[in-house]
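Student: Residues 1 to 223 in my numbering are what the sequence shown spells out, letter by letter.
For the record, the hints were derived by calculation from the structure and aren't laboratory data. It is possible that some hints are incorrect.
With a straight-line cut-off of 25 Å between C-alpha atoms, the simulated DMTMM-like cross-links for lysine to aspartate or glutamate are [what the hints assert, rightly or not]:
#1 LYS40 x GLU113
#2 LYS50 x GLU113
#3 LYS40 x ASP73
#4 LYS4 x ASP43
#5 LYS115 x ASP43
#6 LYS49 x ASP73
#7 LYS54 x ASP43
#8 LYS50 x ASP73
#9 LYS103 x GLU113
#10 LYS138 x GLU126
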Amino acid sequence: MTGKTARLIFWLGTLSSAAIFLWMTYDFHLQTPKFTHTDKLTDQVVAGKKVWHKYNCNDCHTILGFGGYYAPDMTKAFYRLGENNIASIVRHPEVIYRNSFRKMPQLGITEPETKQLVTFLRWVGEIENRKWPPQDEKFVEAYKLRESQPQKLEKVRRMPQLRTPGTQRGRGLRGDRQPHRLRPADLGRLHHQPPIGASRDNHAAAGRQHADGRRYCGLPDQP
Numbered sequence: 001m002t003g004k005t006a007r008l009i010f011w012l013g014t015l016s017s018a019a020i021f022l023w024m025t026y027d028f029h030l031q032t033p034k035f036t037h038t039d040k041l042t043d044q045v046v047a048g049k050k051v052w053h054k055y056n057c058n059d060c061h062t063i064l065g066f067g068g069y070y071a072p073d074m075t076k077a078f079y080r081l082g083e084n085n086i087a088s089i090v091r092h093p094e095v096i097y098r099n100s101f102r103k104m105p106q107l108g109i110t111e112p113e114t115k116q117l118v119t120f121l122r123w124v125g126e127i128e129n130r131k132w133p134p135q136d137e138k139f140v141e142a143y144k145l146r147e148s149q150p151q152k153l154e155k156v157r158r159m160p161q162l163r164t165p166g167t168q169r170g171r172g173l174r175g176d177r178q179p180h181r182l183r184p185a186d187l188g189r190l191h192h193q194p195p196i197g198a199s200r201d202n203h204a205a206a207g208r209q210h211a212d213g214r215r216y217c218g219l220p221d222q223p
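Starting from the given sequences, assemble the full structure and let the hints guide the process.
Tutor: Written out as structure tokens, the structure is:
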């Protein structure tokens, strides 16, 4: 191979790679509004993002691959936990994690900030990101099934009674039924759980009503 031929191959490869890269960048920016649903970027969503940064949620949690890896991924948290369970976890982590190896600080987040954060997480969950994280896709499908075909869920059995911490099936929350073992029809009911109370006098009742959210928080992340 002569020097002229080598230079020709080099320039052809460099220029064609640069052209492909620039075209993909341009196409990405064209597709971004559709994939991220910018038409749904309301003031409430923006305020929720500010709450996310105000309390440094990214130090422990991850969204779209960015953030810490100590706590669960929050990209599809709205579908996985439901609005009320998210509110319970953020407002009363000392109750949710009382018997769990996983811990979360009491941040003192207010009720308006909680609503804004939930709105932000719902918008994040609707971003088209090729079904990431994959382990949460079952929750997304269950939510969409409940929204589009609610009549199908009226005929299924009630969600099984989940054991609370300290029962015979093991210590803590490890003996509870795991989310990936529930049927989509059962998972849809997560979004109808009432928010947990702040009083320590109703721990037992709150534990029964919110076994879903607490069960998830007490288990390691799914593989």
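Student: May I ask which of the numbered hints given earlier this structure violates, with the numbers listed in increasing order?
Tutor: Violated: hint 4 alone.
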